[in-house]
Amino acid sequence: MGKTFLIRLSCLLSPVSCLLLFLSSCDVRVPKDPQWLIWHLGAEPDTLNRITATDAYESRINGFVYDSLIDRDNQTLEFIPKLAHSWEISEDKLSFTFHLRSDVKWHDGVPFTAEDVIYSFNQIQNPKVDAPHLRVYYKDIRKLEKLDEDTIRFTYARPYFKALEFCGGIPIVAKHIYDDGKDFNTNPAGRAPIGTGPYKFVRWDTGKTIVLTRNEAYWDEKKQPQLKGIRFKIISDDSVALQELKKGELDLSSLRPIQWVRQTDSEKFKGQFIRHEYYAPGYRFIGWNQRRPYFKDKRVRTALTMLINRDAIVDKLEFGLGQVISGPFFFQGYEYNQKVKPLPYDPPGAKKLLEEAGWSDHDGDGFRDHDGVPLKFTFLIPSGARFYERLATIMKEDFSKLGIDMEIRTMEWAAFIGRVNGRDFDATALGWSFGFDEDPYQVWHSSQAKEGSNFVGFENAEADRLMEEARLTFDKEARTRLYHRFHEIVAEEQPYTFLYTGEALVARSKRFENVKIYRGGLDVLEWKVTE
Amino acid sequence: MKTYLLKRFFLIIPTFLGITLITFFIIKLAPGSPISIKVQAAEGVKAQSVSKEIIEQMKKLYGLDTPLPGWYEHFIHRTNALLFGVTDVEQRNLFRKTAEWVGENWIQYTRWLKRVVKFDFGESFKDHRPVIQKIKEALPITLTLNVIELLIVYFISVPLGVFSALRRESLIDKAVMVNLFILYSLPTFWVATILIMVFASGDHLNWFPIVGWVSDGAETLPWYKWLGNVAWHLVLPVTCMVYGSFAFLSRFSRANMLEVIRQDYIRTAKAKGLPRRTVIWKHAFRNSLIPLVTLMGTLLPALMGGSVIIEQIFSIPGMGKLGFESVLARDYPTIMAIASIEALLTLVSLLISDIAYVWVDPRISFGKL
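Chain order of the listed sequences is A and B.
First residue of the first sequence? That's 0 in numbering that gives the first Met the number 0, and the numbers climb one at a time after it.
First residue of the second sequence? That's 0 in numbering that gives the first Met the number 0, and the numbers climb one at a time after it.
Rather than coming from a laboratory, the hints here were simulated on the basis of the structure.
Check each hint, because a few of them may be wrong.
Unchecked claim - In silico DSS-like links for lysine-lysine, alpha-carbon gap of 30 Å or less: (1) A/K181 - B/K224; (2) B/K27 - A/K449; (3) A/K138 - B/K59; (4) A/K127 - B/K59; (5) A/K295 - A/K395; (6) B/K27 - A/K127; (7) B/K224 - A/K142; (8) A/K181 - B/K135; (9) B/K224 - A/K449; (10) B/K59 - A/K174; (11) A/K449 - B/K51; (12) A/K449 - B/K58; (13) A/K395 - A/K315; (14) A/K142 - B/K58; (15) B/K51 - A/K161; (16) B/K58 - A/K174; (17) B/K224 - A/K246; (18) A/K127 - B/K58; (19) A/K138 - B/K51.
Construct all of the structure, not just a fragment, from the sequences and the given hints.
Here it is, written out as structure tokens:
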């Protein structure tokens, strides 16, 4: 009976297996064009609407589709003409006049004009447009006027050294596409952008891929795109992305430190790929909420920093692929004061400092206290970030040896950021990433302590004054002096424990030529493939 | 029968309202708001102090602004005075805050309900696309995966259950059981990773793709090749989805079969001298399928719900991923849409399975209820 059952079962399954056999015998793979770059994207952008988008994935894609008024030179980082062929800054540093190119066309053939810039600026200011993140940046611009067909002028309410960068970098969308009398946020162009840039948008398959193809009629002769097209492949799991890279299904992907050290150093991998490492502006830190009684005293904060072995942490957790820092700037930037050294790892010194500040175990419960407040706090970290989780365990261990009780609390991002913005935390770990020419105002000015990114509540009159003055200082050297002093103050006060700047790690297929690492990173536009 | 069905049908409405109301309030209770995520989109991005005015504008844009009616404010004030007097400021504030929160969310819920009655699930906070369009994109993918999964699971588990029942307590029965439970206990994410490493990583074997459900540019292939391409992509995810489900279903059908085999009519059939095959497949097996009908209640919603883990690992843009990402972004309209569609499907399929029960088993009826 068992036999008949098995026969029946196999009868049932045989058509299925025949079908499978048939399917596996014919080649179902899609051939690849070597002239295309397949680039890993860690998550899907919400939208490709230049103005309402908030994520980094959008800017990676739209950076190829759109142009801005001015651009930065890859190596010198100086501003260079783009959609504006020249610009002037008035004596009082309040007016910025841009002369636009008249030969630029949107991808659909309509000429680009001053009207597009003005329309985009007005949409940023429009309360019905979902762009609060941009509105705060452009709120100091009093007006934007059209002087003639090809000339526009921004007028600032107060001088600001980053004004040129902001005006020149304003996201520009096509007026003739968006201005249809309907809701700006839901405009279909948010799913199919039309820009003026070196690549044209082709297709967006939700959750799968976004495809761009070369703009054969790109106006900028000096920056003609070389590769035929770019396909962004959305893969949320980074170990899967690495496997996909190894299979040759991706050409360019960023790597995590562990992948760099352990999973991509084989001869086979190096035969197919070339790995690049460089630093991008940004750093990771631990923030101490200075509204809490135990973090009010800078000696406590300094002691805690001295209890965290940052060199060992970078070595062990990030495999040495990072640089320990001492202050709030990018360590390769001019703002960073190289004279300020990171505090040493020094538990006995930390102990001394804590005792000095009055934090010893008065009530004999094994934990330090001062004025009846025990040195007990919660360390809040975002979930899913392995680095912070492992950092937290190391800290807990080291702190407990000195009678400091630290509890670890992991929270999902939305809840986490709600707590941080509500200033409802004791200590937290996070990272900042920024551009070149950094303005520390949002993170450190006392006016940003209530709302804004100064969530640790750092307040220092001299620091405030330095930052305010720097904002009005257009001379780079003068600003550098101000920032160097500011760096000293922050290092002295230790509102953060500055951890490190991690290296950007990428692997790319060997078939691309003319790949250069600039101070600004990689420039895919120059990459070439010769068969 | 008819009155019972009508009653059941109309009971769906209050149950649905209850489910959606509770879901709505739970979502709103979760910490974090879509606005703070918009302003602080990801780690590393600095946020400038956003003025109160901008926050208000955003609330309005998202329909999260809810001015309470005057009588409600009055009501809060009166109750407060009645309950806590004037002295207990802390209690008063707490009560006022809670009452305001409930009032605001009630207004938002009724607004939502008014739209849903017209089958309008609103716009996603994340990208301002209609929620229904997002679901339409994700649903076919998840449906395909789940239909294939269920077919495989049923076609293997049910015969396997019958097979074990006929050899009850034998070595082979026990071996099958042990193996199925081992499979059942393996965590999906682990199996998925192992499968990828062994069969698809390029380090060992490179048989299968690991990303998505179809290749880029597969549209250019002829239809049978396109189908093959999809099947090729689905091998690993479907494997991960099915292996854990065998245990339950085959045990279930084994138990049913054992139950039926003990019945008098089976003995009668045997005594009549019917061939064993007829007894088993015609009399026993068909009757043993009746309890499977109860499982139909879980079938419809199970078809729609995607697996978050598998969709995440294999980068398949299905319902699981959509739901998960919406929760992370506090995209209230999308979460509510998915939750209410699932709720409705569950309710409807429960009703259907009840009807089916009566239909397949004449011993049961709704007549006297």
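Tested hints:
1. A/K181 - B/K224: violated, 42 Å
2. B/K27 - A/K449: It holds: about 24 Å lies between the C-alpha atoms, which stays within 30 Å.
3. A/K138 - B/K59: Measuring from Cα to Cα gives roughly 20 Å; hence the hint holds.
4. A/K127 - B/K59: Holds, because 9 Å separates the two Cα atoms, which is no more than 30 Å.
5. A/K295 - A/K395: holds, 20 Å
6. B/K27 - A/K127: This hinted pair holds, its Cα atoms lying about 23 Å apart.
7. B/K224 - A/K142: violated, 58 Å
8. A/K181 - B/K135: holds, 23 Å
9. B/K224 - A/K449: violated, 60 Å
10. B/K59 - A/K174: holds, 25 Å
11. A/K449 - B/K51: Given that 30 Å is the threshold and the Cα spacing comes to 12 Å, the pair holds.
12. A/K449 - B/K58: Within the cut-off at roughly 20 Å; holds.
13. A/K395 - A/K315: holds, 16 Å
14. A/K142 - B/K58: Holds, at roughly 26 Å.
15. B/K51 - A/K161: Between B/K51 and A/K161 the Cα gap is close to 24 Å, so the pair holds against 30 Å.
16. B/K58 - A/K174: Within the cut-off at roughly 26 Å; holds.
17. B/K224 - A/K246: Holds, at roughly 21 Å.
18. A/K127 - B/K58: With Cα atoms ~11 Å apart, A/K127 and B/K58 stay inside 30 Å; holds.
19. A/K138 - B/K51: holds, 14 Å
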